[in-house]
Amino acid sequence: MTDSPTVSVNGTSYSLHGTPPWMSLLDFVRSQGLTGAKEGCAEGECGACSVLVVRPDGDQASRWTALNACLTPAVAFASQEVVTSEGLGEPDALHPVQHEMAVRGGSQCGYCTPGFICSMASEYYRPGREGHGEGDAEHGANGFDIHSLSGNLCRCTGYRPIRDAAFALGSPETDDRFAARCAAPAPAHPTAEVTVDGATFLRPGTLDEALAALSAHPDAVLVAGSTDWGVEANLRGSRAAYLIGIDRLDELRELTIGEDAIQIGAALTLSEIERQLEGRIPLLDKLFPQFASRLIRNGATIGGNLGTGSPIGDTPPALLALEASLVLAGPGGERTVPLADYFTGYRQTVCAPDELIKAARIPLPLSPITAFHKIAKRRFDDISSVAVGLALETEAGVISKARIGLGGVAATPIRALATEAALEGSPWSRETFVRAAGVLREEGTPMDDHRASSAYRKAMLGTALLRLHRDESPQEATA
Amino acid sequence: MSSLSERPSKPVVGQEIPHEAASQHVTGRALYTDDLVVRHPGILHAHPVQSTVAHAKVTRLDVEPALRVPGVVRVLTAADVPGVNDAGIKHDEPLFPDEVMFHGHAICWVLGETLEAARLGAAAVEVDYEPLPALMTVPEAIAAESFQGAQPLMERGDVSAGFARATRVFSGEFEFAGQEHFYLETHCSLAVVDENGQIFIQSSTQHPSETQDIVSHVLGVPGHAVTVQCLRMGGGFGGKEMQPHGFAAIAALGATLTGRPVRLRLNRTQDMTMSGKRHGFHATWRVGFDDEGRVQALDTTITADGGWSLDLSEPVLARALCHLDNAYWIPEFRALGRIAKTHKTSQTAFRGFGGPQGMLVFEDILGRCAPALGIPAHELRRRNFYTDGQSTPYGQPVRHASRAATCWEQVWRDGDLETRLAEVQRFNDSHEDIKRGLAITPVKFGISFNLTAFNQGGALVLVYKDGSVLINHGGTEMGQGLHTKMLQVAATALGLPLSKVRLAPTRTDKVPNTSATAASSGADLNGGAVKNACEQIIERLRVVASGKLGVPAADIRFADGVVSGLGTKATIEWDELVKAAYFQRVQLSAAGYYRTEGLHWDSSVMQGSPFKYFAYGVAATEVEVDGLTGAYTTRRVDIVHDVGDSLSPLVDIGQVEGGFVQGAGWLTLEDLRWDTSDRPTRGRLATQAASTYKLPSFSEVPAEFNVRLLEDAHEDGAVYGSKAVGEPPLMLAFSVREALRQAAAAFGAPGVCVDLASPATPEAVYWAIESARAGGWTPDDDVAVDHARTAGDRHPDSERETVGV
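Chains as they are written, first to last, in our numbering: chain D, 1 to 479; chain Z, 1 to 805.
For reference, chain Z alone in the conformation it holds in the complex:
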């Protein structure tokens, strides 16, 4: 057991406590960025002028009419930018564009005394366009060879040899949709120039340091002139990792130019039409199995729908490639990744960050091909699990590979799957119009940022003379319970009750150069840093206590606010010790730091060990489908998930359940539709409001929902033996999709293969049922076909560039 992972006696970590702000949440006292407006008299409101076409040159922009609207104070345009006119880090996202790249693209921003004035001002701005062709789908972009960024190739072994060895070879194609984050709190920034000339921005951001960077380059000022604070977010899910920066820059620009506070809050339609989403993907694939259903080779080309700019598409693609294997051993492997450039919002991070998309490609392959192989889908999956000692296609040994099997066996046993599979069969045999499906799927998810440099965290721990403790760390709170866990880590490391420790909001002038709170890494990185800061202080206090108690410093113990020593009955209260330390001139604060050791990644060859460890989980889902409508209900879900030794079980269970339901939303319900017609509205997002884009509601909650954390799951490489939990559970929802596929198949002849669209809306399920009744999907069993076909998909430039992250 490492010193990082070892827990002292009576630890506060591991206690099942509510979210640290729960009492504020339920009484409406918890403040979010837009709740601060009433605290800023004289605040101005920003409203965008959005493009009404998908792709065009802006040939004329006349803001004069807006200035004639009562209450309009100023219109911000490219001419106002003192620094760099760019909202990103790739210099492909002009903050004020002269060529609009998607329907809804903000061209300029109007500042008004009221939001109503700004809105009317924006409506008065006159824009002329010279329309250009717009690409709306990945197939359109592929046909036009419209790609952006690197085209990484991940290879292991020799796929030709694998296909030659295989007795069954199938090929297919799969295109699936992205997902809107739909955090309940839309993007919001509030900027002021403070008493000292410092630009202070309150922002709903997962990445305050990068918000600071972008604001400073837009304003042309050094980083030390800009401070970003994030009180908390009303949900992030990756949507506030890169996307808030431009909005913060607009607010900051407005505040510096007018000298007044500026608030920029997107309404839901603006948020949905302007901000990036989960990438949809297109995949072509060829897969070979032996007689027992063991995968021999996979050759695939996956193309992400990047939208109009790169944003985080390259690292998303890298993670997709790193997760095509999910929990399965694929000996010969070849995968090419590409990023389509289309005229849509710039797609971005979303819980799982490409991992879900990579896994979906292969889970779909298994679900589709199992009947053709004559093997039950659950058996096919289980048979291909990694075993200890094997490595991923990118060369990382699969640590704790057997945990997937352990989770699987527990779900199989606790979920009574043997009996229930038979019951489902009996039910289906006796019902003509209604069928059930029961599927079980695994998750293996790599933890750490693919880019090694991001795997560092910082903290600032302050002990005041009265013994009270204030902690800051570089992570942001978006509901995932990071602050709760950090309070528990600090209390554990200092040997204090939770009530002694308070946490201050995330600010760039407290902890600098932070990484995004992303990649599920928040607790690992910041927890390591908080623990490090606390231990620095404890080491100093140990010496003071040693003098007081007359025992060696190494024998001093801190627990529950009481300081004791081995071999003595004397104790000192924490507060008393702190006071003594102050008078002895002992420093009572510390900056903590943590870096994840043992990582390396070579993006030029897509090989390395980018992940500190893997998180595992397994889910079994039973659904019931009405054959007359395609409508379905989720009857029961059983999950066992590996969070290491949980830092905070109530928080972790919440992450597992919430991730699962969000994943189920992506795969079944949430249906992003862009106008792909040739009408003037081409490129408009048709589902741009809560009334047309439906999230899971209470009607999608499984009637029976059993979630358990894997026991005896200590992780040596992370703080107090825990594991990251934010993203991996989302992918447990593959079990819902596969259960729907099996239920649809039950309407057809035994052994029918089913091609199910994603999202599997009731309509999509209805068509899958109709297809199953008509004979289903016919796998292209092409063992004799020329192997060069899928290889031909490879882009000529694929080896020229290397993936950035």
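Looking at chain D on its own, in the form it has when it is part of the complex:
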């Protein structure tokens, strides 16, 4: 443990001494005179604060990962390496990403631009990007995935020149210092503790240390990517006396694929899970692109999405359909709880104050027919008004198993048990789905709010099964 942890920004070491735990990385770098990164929304929606952080890519390599600097406490970056738009290039020596954006009209007012630059640079250096492009509106022939910019908003350009800049990028030169950095491991993450005015941030070294701290401070707030807590701190002024950063705990960062289950460590980010699964869980592959934005997925963890207990989290409907269970770790050891039993009320769960989520476990084999429907105003980076996870099996033309998870229609994510019963044992036919759709419409107790009317939410529950039938029917013969 060190008394004065530091963070490296653009190669310069800055002391985090005296930095309050609620101060974001964004406010910290700006207070040091690095004002390139901007605050646009302070809730991880606009990406104007995006910076690059060195994150592990296996044990031996690393990758430039773009994150929302507005959400994560600065002290969580103790011993870490951060690069901002200022560090990528100079006005008379532009980085390739900066050059393409500048000459193609990718900036107008320029306020969102430093954030776009960092998100774009992260994708520029993504291993395996080059030469895998499909050449459509969302994937450049250079392999650039426009979804990497889904968490960056621009109010001026209409995005076309930014897309052109992204798709015009070549590959890093052989002497590119940022590319070279990826060949070495990510920085270590030693234990760190900072206390300012009675408020503490602790990054424990092991799971046992984390659990001990949690037992000693029952009101402590656990943060990983801090994509939920950061919003609470910024927009609602929440201040915790004790924050425990668990995002670097090795015990929470394992993904194992066994004979009868896949276990996903709670502190793995959505982006890491997507990469490590390599498509092994098709339902989650349908979910990932719809889960917030790439910037958020780079920070947000599966444990965090479940730990908040939110009724509108994106993973629970999918995980309920997958019949997932959660491994909870506490001072007395570990226990496994089916996800269907985990939620007990609005933002309430069975997780005890001295427990934390260690992993999510998804049983194998998987049901072959799956879908994830997220209803929202905007396709990229929106919060669902209704989310439906579906996993079905058929046998000789009859639906033998149906699991349906719902979000946004009750105080907690729920299983659509009546609908599952209405489907199971019935033939795979439009009539079955129309009948079951009538049952699904009545599941839950959807509300009227600014995202949608209850009537629309009900209607969308109803059409979810019709969409599944429409989209999956060609597979009927082989299912």
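Source of the hints: derived by calculation from the structure; they are not laboratory data.
Accuracy of the hints is not assured; some may be wrong.
What the hints assert, rightly or not - Covered stretches of chain D, as calculated for chain Z (at least 3 residues, CB under 8 Å):
no., segment
1, 104-115
2, 188-199
3, 443-453
4, 462-469
To be verified - Partial chain Z-side listing against chain D, Cβ under 10 Å, derived:
no., residue
5, His25
6, Ala30
7, Phe182
8, Leu462
9, Gln655
10, Leu710
Note that CB positions come from ideal geometry on N, CA and C, so glycine has one too.
Given chain D's structure and the hints, the job is docking chain Z onto it.
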């Protein structure tokens, strides 16, 4: 060709160059107001105490608890105002109110050593309220007869005669939402009292001169004691035309009272809950067509949702009335405008400034009624275009009317519309759950401030002894590329390469009495002034060069930094000539000035020629809609837009594309919701953050997006033959809305009329589809109905007052 519009050989204007600050933008070096905080040690931070009710008397305000919070330095209240307690120019916007008029209204401001201290101090302030009734919607305000400001009537011909002539007469009602600006940079001001006692305010403002005016009247000091600078803005879109002044005044008041720099930056939620937005409108209308679908008469009453104070609502309403016609000839015309007073933020300028709202009313009418007339919507639109020689309902001849048709024909041809309309039909015939729509719509937009006095601009051009040039002008940079264009204008007028010219930030002590950078007029007004200043200097240098080169002054040419003369091979370098001029005691600086000639406007009768010219454009948009969810994608957009002879093509293309997407956001996605319930939270803005108010993102960009500038489009009345571009393209987005309407209609029986809500969110589209399946909107075909019905909407006071601007 006028001398104003004529270009010399090898002009720098017209070159396709990046934004002048692009290299600074992409490297994080471009500074915005809040980036200056670290340069001011000892700076104080301001935080508001915001009302938690929509309408109430403040019966008790106790700031003592705030002063006990560590780090709180002072609380600013009405008692601290040495001058006038008002943040506007209509004296209806108290800076520190004793009656709160909307949920979120700032009551007082806390200054702290840190933002955290100021925030905690604000939370400690105690306020007691005596609640009063709050009006949250335009229909509520109409029912309560809660109006503010003038109620102008625009009339031409005799609508009764028009309706009598018509063979089909329809009437309807339409209420549509406003729009949050969501400039990425929120409101920000930073004030210091400088070494000379001058109050110096750095502000994110589109209107530095008015910021100066308001600060000076709040502080009770003359204008010469206050200087306002705007480095650049992280977006403005009209939201920083009137709204920054009060925030600047708070910062300035704090700085004068404490002697320390004060920074006031709103966070996103404060910005969204405190600052004004685009006006939503309500309209009732009656329209008559002949058998061929030619419009015979329009009678309408449009009511703007003004919010709690007037702000710019009167001129916004005037522009709405001036754009009801869009590109269409409406022979008999009658339109009454009103401004509802509601308990919301005070709605304000937003790109288009009422023009989009006026046009939307009539484009909605055309889109809704076309099926009832049995005429394809595109045909109905095209058939009603203005032709040369016709005039607008306010009496201005429609100059270059045929340009709308020219744009239309080019979009039709380049966009291959004939073929694609047939393809859409085939697609729809063969798909049950998914339908497509393809719509084409025009824009005609008047350029100049409606109020004639605002149509003036100023500049200051300084040539230094070494030949380098520094320009100042009265316009502000908010991303629209004005500074880029002004550099190009100066380089062209002086015959210099761009590298010789530098531009300094906008300041009121360099160019005084400026107009807002608004109404798309920035390049027209300031470009005219920069050119004028440069020409004054060139005329003086011409004489010096004449002596050096031995040719008449009239035969001297300036190009690319080299000065030459007709009939001689001798030349002089610019730098050399400047040095010679200095030693000959020739003045090397000039203040430039420009006023737009030929404008007049009589707001008492809503008649005149308020616009120098019209900008035209046409867009065609194809969408695909999922009938099971109402979700949609934009497959392709084709645009041809008239920017005159472009000053800066990369900049202009960017304005067209950005305006289009912003307009599409307003019409489809951006969904302002206030709490209209009777709960204690009544009046609270429910969509007050980026997580609940969704802007267009990459997922809304058209898969194929073709934008072309109209060629051979010289405009005689503007600098170097160009046209304004800031606002008009926003209205090209009507094509998206109309395409969605047509796709929704395709789910119903042929000929079904569709009433589509605005914004057309996926949910709204879903309900439109359900309605189309159930038979659609039934037009009230009321040719026999008493004509007095819509006339009865006219407010008794409508002729008493006149519109201000």
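Hint numbers not upheld by this structure, sorted from lowest to highest: 2, 8 and 10
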